[in-house]
Amino acid sequence: MATARKAANNEAAQPNLPFAFRKYTAEQLREVLHKMYLIRRFEEGAEDAYMRGLIHGTMHLSIGQEASAMGICMPLTDQDQITSTHRGHGHCIAKGADVKRMFAEFFGKTTGYCKGRGGSMHIADVTKGNLGANGIVAGGIPIAVGAALAAKKLRTGKVAVSFFGDGANNEGAFHEALNMAAVWKLPVIFVCENNGYGMSTSTERSTAVKNIADRAGAYAMPGVIVDGNNFSEVAEAANAAVERARAGEGPTLIESKTYRYRGHSKSDRNRYRTKEEIEDWMANRDPIALFEAELKEFGIIDDAGIEAVREAVKKEIADGIEFAKDSPSPEIRDLENYVYTEVA
Amino acid sequence: MDVAVRELSYAQAIQEAMAIAMEQDERVFLMGEDIGVYGGAFQVTGDLVERFGSERVMDTPISELGGAGVAVGAALTGLRPIFEFQFSDFATLAMEQIVNQAAKMRFMLGGEVSVPVVMRFPAGSGTGAAAQHSQSLEAWLGHVPGLKVIQPATPHDVKGMLLAAVADPDPVMIFEHKLLYKMKGPVPEGHYTVPIGKADVRRQGRDLTIVATSIMVHKALEAAAALQAEGIDIEVIDLRTVRPMDKQTIIDSVKKTSRLLCVYEAVKTLGIGAEVSAAVAESDAFDYLDAPIVRLGGAEIPIPYNPELEKATVPQVPDIVAAARDLAKGKR
Ligand SMILES: Cc1ncc(C[n+]2csc(CCOP(=O)(O)OP(=O)(O)O)c2C)c(N)n1
Ligand SMILES: [Mg+2]
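The listed protein sequences correspond, in order, to chains E and Z.
For the first sequence, position 13 matches number 23 in the working numbering, and the numbering has no gaps at all.
For the second sequence, position 3 matches number -12 in the working numbering, and the numbering has no gaps at all.
Here chain Z stands alone, though its shape is the one from the complex:
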């Protein structure tokens, strides 16, 4: 059976996944601020309200805590809400419902219930929106048992992982980098899933492993292509899921390359890079390491407004090239 594959943007792929989910399952509906006639702050829901009506594409008041809680309650009692935060930064207003309620309810009630809610978080810097609209908070939520946290990097993956999230019986948090929304890529038609909890080796290589997340996957691939010309052969792993983390794929890769570079946009300290590094340090891959592990992450500052400062705050391709080169050539 041939499945047609088209070029879609990341935003279109999300929209298509939500439409398929709503067509296939009456329990699925969307909630969020300005997702109806406005189409969502990033036009992800687009015209879905015209197709599915305002009962299934529900504009909420500006009430993140209450809205997230309503989604949790509806999920608890038989519905399948997909809740859009207008910016991932506003997760901070809803932490109570996400962290204390959604994540723990099944456990606290001894497995008697589950909370199949999906929450979507437009994340990341690069849009000039400054400190309160540019954060990368995936590690915050990744720290909470009971949540699943994913960061799809391509249109293909975001569609498949969103459909996997809707089918998942537990709360799934999707971090979508805003700069990816317009990025195009091949997306199969119809329903398919991409598993939560599986990393993807995007590029095979022998000299060095880069583990990257979200938009950094693309920057890492660019850096790898540039360094190929210098004879440095880089393996790029797209982590895809923050929790539960696919440690085995990382360990297997490091055993092959003996060098590890972690690249992620969030603030460097106490983040995903630490967890990836520890996964290697705690495994038998540790004995294979030929150099200290290197992390490239965001600077220890809020995201600045000034565009040059903003760029300097998060890893860019030249930073990755330089770090990977030094690491591969034994300069670290």
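Next up, chain E with everything else stripped away, as it sits in the complex:
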């Protein structure tokens, strides 16, 4: 992998390489691929367990959106904080969560990240800076602004990132939050993962402007549009926004254009889009396939290496599900725990 090592951290020498291949080491890039596979296989595993009745409730899968989650989280440290959405499994893994404890949460076990109280829609890993998925569309956006305000007041140097969907941009909370973030120049990044639809409603039918990023102008912040299925493009925009935030220059709105392969949730008849549209994205714009091709092109990995990644992920998923199955369920006598903070 000599070429790869040369490519990494070699911005001046390799000006034509995509951003991520100049910025990150071969090892880091292979880890990105690993994580993208981990997200996808985690969700496939969760979906399968759901179909087999091992997981109840509902879930929202982000299959097809993996590059977006990974690209945004690349420049973040474990101290930086994110707020996530109902479609938040990818964000959680990208921010460093352990799939064992995620599966355990989905199985409703005490070893889960939320001790079985939250499930898929509230998946979180506070130790890694994930303040949680959210059942309320746009609910996390002002919360991220609050985290950024705390970072500024406490001088922690942390950056906050709020993930949300295209649908969320029509909630009042979105507009109020962006305005405050801009007025107070807070270290926050608004990441709209525009997958074309809020449930069944296309952005054309729901949103007056063409791009969600166009909203940024109204709040005097940069609005950046990236191909959300291109890891490097997303990572480049994220790096710039993080730099800007850390430098005290204020918020950025990034619109990451992507697509969800699965239905909105488990009750979707996919009546609002065509099979051709779905198949086109899957066949021609798959974020993992695109990234893999680039990795190969730039000599970062070969077929055997890819196979090894897939095998490793397969095992992690199987181990995670086993861990979840073997974990204890909460006791009814603990029903009233965690409502208020326990005072010693």
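Do not rely on the hints blindly, as some may be mistaken.
[As the list claims (entries may be wrong)] Simulated pairs of lysine-lysine, DSS-like, Cα-Cα distance not exceeding 25 angstroms:
1. K167/Z / K276/E
2. K296/Z / K335/E
3. K276/E / K169/Z
4. K335/E / K324/E
5. K195/E / K162/E
6. K335/E / K125/E
7. K316/Z / K253/Z
8. K296/Z / K125/E
9. K276/E / K296/Z
Simulated from the structure, these hints should not be mistaken for lab results.
Given the structure of chain E, go ahead and fit chain Z with the ligands onto it with the hints provided.
What follows is chain Z with the ligands alone, placed relative to chain E:
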């Protein structure tokens, strides 16, 4: 004149009521998130968009506050909107328009206007959707003068009460328990109304009165049937309307049975059970009581994701059986 009666699900009964309302009155239209081609998150609007078009079955953006406000404004100025919240939990995003505007507008303007809006709220737990998609918030809205708040428990009642709500000149909030949507029951064809503000005695009994709401009516009836075998004869009242509450039906029943058990899914404290209890305590039925009043409500926690915890959070049939038995046998 014979009216045909069929078995319909609760969801189908709502859909039929909305279709009849739209057929009979051009001013009636539907608003909500994903109620068009998607058919609604619980398939309540189903294929109505195909029959009535997207002008009358309007998908809104994900904008509960604005959407509810638009419905209020349209109602104020001559239309009859039926606004669907995707989950009742999202009423919290629209509280401003519901509580400050819809409920008070007629009063604030000295009776010069009215707001004939209907809002529908899929409510309750039991679906594994966790804390932000499982709440029972009917008592919140029931606390607001100017609103009418109903909780129909059967397909028959939901159709008739929805049609009554559409005809009502004031804002009516309908809480529909999600676990009822698939429940079937006899529903007459055509237009009929079931009055808002009238409770229904679902089962006559002499030993004990259970006042229940929504899905708890069915659980109470099951419990009553089980206790009949033990010789305990239970009267079950379906409250049907939270505001204005039909206190007289409760008072009359308690005068007969001398014992009162309230069963509801919402968090127990500061809720419907308190109001029902007070209605009895403040009336002459108080003198008839042979035992303290008992409330069975939801635990003082958000709804948990884990299915066993979720079940344990709200009253189940065995809980009702045990509470009713103890109360009837003077163990309380
Ligand atoms: C306030 C609120 N309104 C409605 C919903 C129901 N809901 C959940 S996800 C969703 C669509 C969200 O679309 P988008 O923001 O584009 O995210 P995506 O699902 O596409 O990832 C809707 C309507 C909700 N959870 N919260
Ligand atoms: Mg979307």
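Here's how the hints hold up against the structure:
| no. | hint | verdict |
| --- | --- | --- |
| 1 | K167/Z / K276/E | 17 angstroms, holds |
| 2 | K296/Z / K335/E | 20 angstroms, holds |
| 3 | K276/E / K169/Z | 23 angstroms, holds |
| 4 | K335/E / K324/E | 17 angstroms, holds |
| 5 | K195/E / K162/E | 9 angstroms, holds |
| 6 | K335/E / K125/E | 14 angstroms, holds |
| 7 | K316/Z / K253/Z | 21 angstroms, holds |
| 8 | K296/Z / K125/E | 16 angstroms, holds |
| 9 | K276/E / K296/Z | 22 angstroms, holds |
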